[in-house]
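From just these sequences and the hints, can you work out the full model?
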Amino acid sequence: MPTDIIMPQMGESIVEGTITKWLKKPGDKVQRDEPLFEISTDKVDAEIPAPASGVLQEIKVTEGTTVGVNTVVGTIAVDGEAASAPAKASPSPAAKEEKKEAKQEERKPAPVPPSPPASAAPAPAPQPSAEDDETRSSPLVRKIAREHGVSLSQISGTGLGGRITKQDIMSFIEKGSQPARVGTDAFVRPAERSEAPAAPPSPRPAAYPGDLVPLTNMRKIIAQRMIESRRTSAHVHCMYEVDFTRIVNIRAKHKAGFEQRHGARLTFMPFFVRAAIIAIQQWPIINASLEGDSIRYHRNINVGIAVALDWGLIVPVLKNAGDLNFLGLQRGITDLGERARNKKLKPEDVEGSTFTVTNPGQFGAVFGLPIINQPNSAIMGVGGITKQPLVVTDKEGNDSIAIRSVVHLTLGYDHRLIDGAVADQFMALVKKTLENWSEEVS
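Quick note on numbering: the sequence shown equals residues 222 to 663 in our numbering.
I should point out that these hints are in silico values taken from the structure, not numbers from a laboratory. Quick caveat: nothing in here was measured; it's all calculated off a predicted structure. All clues given are correct.
Listed next, with one range per pair, are the computed distances between beta-carbon atoms:
id: 1; residue 1: VAL236; residue 2: ASN546; range: 37 to 47 angstroms
id: 2; residue 1: ASP645; residue 2: GLU512; range: 22 to 32 angstroms
id: 3; residue 1: LEU511; residue 2: SER621; range: 40 to 50 angstroms
id: 4; residue 1: ARG451; residue 2: ILE499; range: 26 to 36 angstroms
id: 5; residue 1: ASN470; residue 2: GLY573; range: 34 to 44 angstroms
id: 6; residue 1: ASP615; residue 2: ALA642; range: 26 to 36 angstroms
id: 7; residue 1: PRO430; residue 2: GLU661; range: 50 to 60 angstroms
id: 8; residue 1: THR607; residue 2: LEU534; range: 20 to 30 angstroms
id: 9; residue 1: VAL290; residue 2: GLN445; range: 19 to 29 angstroms
id: 10; residue 1: SER659; residue 2: ASP615; range: 11 to 21 angstroms
id: 11; residue 1: ASP615; residue 2: ASP645; range: 22 to 32 angstroms
id: 12; residue 1: HIS519; residue 2: ASP620; range: 37 to 47 angstroms
id: 13; residue 1: GLU569; residue 2: LEU436; range: 17 to 27 angstroms
id: 14; residue 1: ASP640; residue 2: PRO596; range: 10 to 20 angstroms
Taking lysine-lysine pairs in the DSS-like style, the calculated list, with each CA pair at most 27 angstroms apart, reads:
id: 15; residue 1: LYS281; residue 2: LYS441
id: 16; residue 1: LYS476; residue 2: LYS652
id: 17; residue 1: LYS567; residue 2: LYS441
id: 18; residue 1: LYS608; residue 2: LYS476
id: 19; residue 1: LYS474; residue 2: LYS616
id: 20; residue 1: LYS653; residue 2: LYS476
id: 21; residue 1: LYS652; residue 2: LYS474
id: 22; residue 1: LYS540; residue 2: LYS565
id: 23; residue 1: LYS540; residue 2: LYS653
id: 24; residue 1: LYS474; residue 2: LYS653
id: 25; residue 1: LYS567; residue 2: LYS246
id: 26; residue 1: LYS474; residue 2: LYS608
id: 27; residue 1: LYS540; residue 2: LYS652
id: 28; residue 1: LYS540; residue 2: LYS476
id: 29; residue 1: LYS565; residue 2: LYS242
id: 30; residue 1: LYS281; residue 2: LYS242
id: 31; residue 1: LYS264; residue 2: LYS242
id: 32; residue 1: LYS608; residue 2: LYS652
id: 33; residue 1: LYS567; residue 2: LYS264
id: 34; residue 1: LYS565; residue 2: LYS281
id: 35; residue 1: LYS567; residue 2: LYS540
id: 36; residue 1: LYS441; residue 2: LYS565
id: 37; residue 1: LYS281; residue 2: LYS246
Glycine included, every Cβ here is placed at the ideal spot set by N, Cα and C.
Okay, here's the thing in structure tokens:
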């Protein structure tokens with residue numbers, strides 16, 4: 222019997238989801254746990270994996286349709302059934318597509334020439350194991366591995382459940398057999414998703430002047446939440462100029478060794494998050510929430526990290542950030558950013574924030590006036606890092622003008638809960654921590 226593909230329940234409070242894109246078409250071959258379709262809910266956008274291996278037999282729910290959880294949205298025929306069906310005569314569309322994709326990959330330059338066929342004398346490079354073939358890769362990935370004499374056991378997969386994607390193995394080959402690393406800054410503009418189709422990575426329709434384009438589910442939710450926040454909180458903002466030269470120099474000194482030791486890029490974001498955590502520990506009201514006529518002082522510091530996507534904005538949460546060291550913060554921020562862009566977040570990944578950091582400076586803004594992420598009481602915006610002339614005072618009190626790296630930080634806070642004096646003292650401590658950074662980063 223065919224295997225049903227159902228709309229999953231992405232969290233206890235979620236009762237429906239919208240199919241935004243099918244990544245396969247009827248007749249295509251699919252592997253178990255391979256991304257099959259994309260959904261949008263009121264919590265997250267996510268890729269849903271195939272529940273079984275076989276051939277996509279039928280799509281019952283078209284793109285753009287919203288259905289309840291546990292609804293059957295399609296079916297997968299097992300390999301035997303697919304082979305016996307007239308519509309799946311050899312060669313199948315999936316086989317043609319895979320062959321076409323493989324040929325396209327062969328035309329791309331690679332540092333390592335193809336290895337001899339399997340029937341030739343064994344090459345010194347290790348070959349993929351049967352376990353690799355069955356559990357960690359697609360047929361195309363295994364074909365590329367055979368052609369380049371690569372053992373899949375050497376590669377850390379970034380796909381669901383550690384699955385090795387085409388991008389993983391190509392990155393491994395292009396880097397001269399260096400393990401593929403995930404080190405993109407969570408605040409950098411989104412990169413292309415692994416194994417993404419040629420079409421844009423979002424359900425965003427093409428728009429032309431005069432067109433009337435419906436809002437996506439994510440855009441509707443963003444609009445609703447922003448209006449609610451403006452109506453709920455008494456927004457006030459304060460802005461501080463920070464001499465960021467010391468941090469810039471520390472990063473320049475340690476970034477190469479940091480990446481070599483830890484397999485991740487050293488970015489500026491952990492510095493901002495760590496400075497905010499230190500200040501929150503002294504001013505816990507910044508990490509609190511208003512509940513009716515009471516104040517909830519949260520035990521943990523859960524930092525929301527705003528991530529800009531091609532199709533919207535999402536705020537995954539770094540849980541218990543106050544318990545992490547600098548390396549833990551960098552790894553956590555990188556992981557959240559990558560999973561947000563690859564639609565791998567779960568509902569619990571975007572819940573429970575107590576304080577938020579956002580970065581409009583990545584696009585060149587001097588500073589921003591961010592809207593509070595409810596039910597938080599404060600959000601810190603990070604501006605662009607620029608070189609400016611500043612008056613610098615030495616230990617003897619002598620002033621001079623020097624070119625320094627400067628960043629402007631903004632705190633948006635709920636004036637119902639946080640007084641201006643407290644907000645200013647909080648930001649003064651953030652500024653002091655960054656300008657006099659002493660924590661080990663390597």
